[in-house]
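Chemist: Residues per chain, in single letters:
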Amino acid sequence: MRKTFFILFLLFSFSTLYAQDRISISGSVVDASGITLPGVSVLEKGTTNGVVTDIDGNYTLSVKQGATVIFSYIGFLSQEINPRQGGTINIQLQEDVVGLEEVVVVGYGSMKKADLTSSISTLKSDELVKTPAGQAMESLQGKVAGVQIVNSGSPGSSPTVRIRGIGSFPSSSNSSPLYVVDGMYFDNIDFLNPSDIETLSILKDASASAIYGVRAANGVVLITTKKGSLNTETSITYEGYYGIQVPQNVMQMANAEQFVDYIYQTGSEADISFIENAMQRYGRSRVNPNVPDVNTDWYAEIMKSHARQQNHSVSVLGGNDKTSYSMGVSYYDQEGLLEAEDRYKRMNIRTSIDHQANSWLKAGVNFNVSNGTRDIADDGAWFSAYHAVPILPVYDQENYEDLLAQGIDNPSNYSSGQLLDYRGSQNPFLNLAYNQKRQNIRKVLAGVYAEVDLLPNMLKFKTTYNSSMMFLKQRNVGIPYYITTSTRRILSTVESIRTTDVNHFFDNTLTYTNSFGDHNVSAMGGMSYRDEWYDYLRGYAEDIPLNESAWYISQSQSESSKQVSDDGERLHGISYFGRVSYNYDNKYIAYFTIRQEGTQKYQEKWGTFPAFGLGWVVTEEGFMENVGFLDYLKLRGGWGKLGNDKIARQDGANTTNPVYLAIDDMQIDGTTTTSTFGYLGWETVTGTNVGFNAELFDNRLTIDADYFVRDTEDAAIPVSLKLQSGSVLRNVGTIRNSGLELAVNWRNEITRDFSYTVGANISTLKNEVRDLYGQSYINGGSAEFRQRSQVGEPLLSFYGYEVAGVYQNQAEIDADPVAVDNSLVPGDFKYVDQNNDDVINDDDKVFLGSYIPTFSYGGFIGLNYKDFEFSMNIMGQTGNKILNRKRGEIIWTNDTNIDADLANGLWNGEGTSNKYPSASGLRRGWNQNFSDYLVEDGNFFRIQNIQVAYNLDGEKLFGAGMPDARIFVTAEKPLTVFKYNGFNPEVNNGIDRQFYPVPAVYTIGVNLKF
Amino acid sequence: MKMKLLISYFKPVFLSGMLLVAIIGCTDKLDQPFENESFTSDVDYTIAEDMDLPLLGAYYGFYTRAWEEPLTLGLRGDDVNAAGDQVPMQEQDNFTYMASHWNTNSVWQNHYNDIVNIFTAIDEINKYREATGNDALADQYIAECRVMRGYLYLNIARTFGGCIVIDALDNIQNTPLSKKAEVMQYIVDEMTDAIPNLPDMHPNKRSDIRGGMTTYTAYAIQALAYQEMKDYQGVVNATSQIINSGEFQLAGDYYHLFKTAGKLDDENIMEFQYSDFNQGEGDRFAFLWAPFGIGGWTPVVTGAGAGWGFYEPTLKYIEFMLDRGEVVRLETSVIFTPDGITELRNDYGELPEWITNTNREGDIFNNNARLNFASGKHIQPSTELIPGRTSLGSNKNFIVIRYSEMLLMYAEAITRGASSSISMSADDAVNMVRSRAGLGSLSGVTTQNVLDEKFAELAMEWGTRYYDMIRTENTSELSHEGKTFTMDKAYLPFPADQVAELPQLEVGID
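Taken in order, these protein sequences are the chains called A and B.
Offset between the first sequence (1-based) and the numbering used here: plus 38.
Offset between the second sequence (1-based) and the numbering used here: plus 58.
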């Protein structure tokens, strides 16, 4: 079956050729307002015979009589003419307002936007580079309905991208979409510089992405890098900006006075003695003698006031009549906010060449090299900074001098909570100063293709061979230090990791396009072979010299500390796929794809994934002619099925693993054997999408609307083991994501000098567990902060008690049997007794919300006045919850600081608070039960981006040879408004423990075009 | 015309066709095995000498204990206070139990992890049986596994008042809850079955797995189970096997029994073995002793790690010992801080000269806000660290069952009217323990004498004192130092998480 697949497409259709006389035509090309257009491509259809218009918009071309000549220019509708005889033919090109002739990149080819029946959003490079970011996906935030981007402030880290919700259980699958960069698959695109991207298309629904089979369950992002075009003059472009990042919404912690006040309220003698220790050691505050003379704002200490960010790129594009080329160099550099080695630098080199070798062969190469260096500050510092007490200074000179006097090796002048008798060292600078983590990330993407015209303009064979290689070197060094007997690292440590990924993709497609009267058919069939190879080597040693050049395992003076381990994986995949798209008179559209996929990864090797779509362009119908305001209306719908192979491979059988133990002080080997194992078949996603595109009022108003239902069947969910810890993956669930997406755009030109655009998008999302194959629920999260997936609820909803309030007085305690039974005191939480049985237990736990936003919105306003441009984006989301686990951690360590909101809001006598317990209550197990006290609203609104730009015509202003310039200033994320008691409402899994907050960025930049 | 067309398209069609033919037919790649994985089905069970590998894997699981397990099991008695900042442990020490406490769930899961691990180990041993042609050895290995499993069940049932006794791993969902008495009977039967197959010697005389399970480990666990059932004749029968074997001796030096010198001592019937493998760096197999340690000390060996201070001997115990004129057992069991000495002096009056905040080896224990006393049986002096190692207690074994406990259990059972076929009397047994502790002999010992002796001898060790008080329903002793104990607090509730997974636990234990 599979092997005969191609034969269907080998339907040769022969046309006859006539010998013709040649004629010469010439003329000028202008736009609608009569302005001449230089650089318009004038091409004899089906040949490579063509020219471009000169600086005055004039052309001269000799063509065969009866030939079709195509005039095309970016941003304008192409126009075809059939000159009967030579002579002057002047052409007026219409601006491509509608964009329907626009070609959209789809899987293994491209389609006219008019022929689409599925939901695809495309962003162009100018939109992408508005956001000063190292990662292209960051700039999508709030711009595309149905796409959720959760950023992290850590330089070089990739944002979390979710297309239409969460279809797979988060811990068992990577929910990131598939990125296809110039035909090559990637799980992340951190190696690309956004300025190298030409277009970025998001295939949101299953009927569009099903052609990518098993990789496409979470949506597909298609990226094409910048390419040159034939017959264009060489242009050299410089784009660059320089900016600063500024921390925003910095979390307010309890200061020394508030902290001391809180500790006295807890009544904990031990904690009070630590305060006394601090007063003894560091003196008393002159303002309040009961407070130590230390008031450390740890967040302020660990963060820089601002951090730099810059990007520079130079690209060269162009082409003659046979060869087009594009090359570029770019450099990105971002410092992090932390006071440590915290930085990301990346250099990219790329080139692509396309060459028309002869009448039937076109070939090209594409090459992209990325060399990044990431210094990663230990993000444990964010956690420590929240918990470190404000009465601890950053440095302790006295201790340092003591250590020096004692002659202790590697003395440190940082302070440690242990000097005040706290259990932990607390000081976040120990995370920052004594850990060095560096990644060298080198990626090479190389591809070569050949395109053979088997029948001109009808049947085309394309073969593509792509390779990507990633070399990751990671070096983690622990630097020795000594503060106290427990705050120390005696020996330096080095961990060195090499990861190599080498992936080969071999794709072959056959594409057939033809028209029979009003019937337009395009068919594609192909196969793809994948070979993905992963190799890992890790070494570890202790006691290395402290100079950086000696941070190698072989420099270790401790032979016995050396460890080595390795790992590897090689996965093969084979797929066969095909697509047929048909339209009748541009009125009725039908679309069908199928993919058959084989993978080595699961116990079930083969899966088949079909998709289809239908469209109806209502405005093409005769009866619509009188509806004047409606220029275009297309109704469309699609259905598709695809697989998810991002789920970790499963053993499918018991494994036996080596262990060692001590018997009589000797190291003895043994083995343990697993009692359970995961067994997986395909997790499949079935998506249905209906929607319409409309253009109204002379194309000024465009509306795109979609409704989708995406069902994940046989979802792989970790099922807890009975009695033991741990879980195994099984295909045991059905998860549904459904929602509505609406994007509306209005643009208008008031005068020749002034035009504006206003846009808005909204999307709703309902995530729901539909079936758990007989189980009533599946627990997730941790036992202390329970998340539960249950039929009818969103995936991994928080699950615990609902706080009704705080017991205010003894009378209230006495009146409540629950309070009496549990010996509660005023200031303790009163939980809602859901079943009114006067006992608070598991039966009273309820769902407390989910981390998945139910409503997201974005807005855009753009103004153009003469050479000025102004644009602003806003975005926001509602309906999601965040687990404030920073507060919750008190169940493990309670001698730490608390945030100012909590410190000020603690119950402290009747009527003081009905929201927070008393200070001592924070330390009672009753109040540490997981409840909605720790689950907060994650709603936020943000001004995402403001940009003001000024365009300079170099030639006009300064004379010939001077470049055109665009100067711009940008404010990225200058304002975020939210109620959540945290640094940042962007928390990708809803559990806020130690997230790197996202800064505001202010940049100034310039583009030059020579 | 058509001929010409065919010729002009021959090249592209031919080349493309060649390519297509070349790429079809690589589907066999999909069946290649995963890299870096040893499937159980790939294990070569014909290598007879490998039969000990799964057994050692069972020991590995048995020895690998989380830090919170011994603390949770040990802190409810009147010998121990939960110090430190762990709310669940403090609440449990105060007999306030919550099904949501994280540490009880951990004890449950960690014990069951190893029980399940033992099930698979037994399966694996059986697969080697044929190759070895040595049924006796296979039976011995399986018996060792069952002894370890018996001990794990003993802990769970004593702690939670019952548990699920697994019959088959695929039937857990349908296995009913067993009450404590049923679990104890199961353990007794298991040990009876295992004993004939085990090596009949002191664990430290084993040449294959020194310190492993032997007949006498099984008898000891059986005796403990009988004691929980208040079957005192059973206790005498099992302990007299141990006593009569002549394999066990009380260590002459009580203090050093709990130090490096006591590793695999003749007194030890069962111990968890840990080691630095006699090297100052590199691999080690260790337990995390830090929670037992004290936050601030000035160790003789600079850089020796301190602890967290979660486990504090009670003032009640110390005063009990002072009243008895105990020296070596008090010195071994309790580490004093200056604040602790002051508190003790204020509460008790004049103290013996020898009480100081410095141990024999010279480590100085400083004041700590969380605790005034620490557990000496669990804190290894810094001088015993192998040079290069710094973690508190690195290389220290964890003694689980000692011969002295067996002697005292024997004595108590006799005082309760059980008869013995060996010549040792209750007085003899108690006096052996007392004389080692430097105390004079008693005659005509009563049950209370024995329980007091157990308190003095076994304090801070694995909750032994607590189980004795529960068994004797002695709520007044457990209601110590401001805490109130009632018998309904005898068992911890089943962890909420376990109840959510296994509905048969919902009924709970009365």
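The set of hints was computed from the structure by calculation and includes no laboratory data.
Just so you know, not all the hints are guaranteed correct.
Claimed, not checked - Taking beta-carbon pairs under 10 Å as the criterion, some of the chain A residues facing chain B (in silico): (1) 350; (2) 353; (3) 883; (4) 929.
These numbers were taken from a predicted model, which means no experiment stands behind them.
Here a beta-carbon is modelled for each residue, glycine too, at the ideal position from N, C-alpha and C.
Chemist: State for each hint whether it applies.
Modeler: Status of the hints after comparison with the structure:
Violation of the interface hint for residue 350 of chain A is found here, the shortest Cβ-Cβ separation to chain B being roughly 41 Å, above the 10 Å cut-off. Annotation: interface hint on residue 353 of chain A violated; nearest CB of chain B at approximately 33 Å, more than 10 Å. Among the interface hints, the one on residue 883 of chain A holds; its C-beta lies about 9 Å from the nearest C-beta in chain B, closer than the 10 Å criterion. Evaluation of the residue 929 of chain A hint against chain B yields a held restraint, the C-beta minimum of about 6 Å falling below 10 Å.
Of the hints listed earlier, those the structure fails to meet are numbers 1, 2, in rising order.
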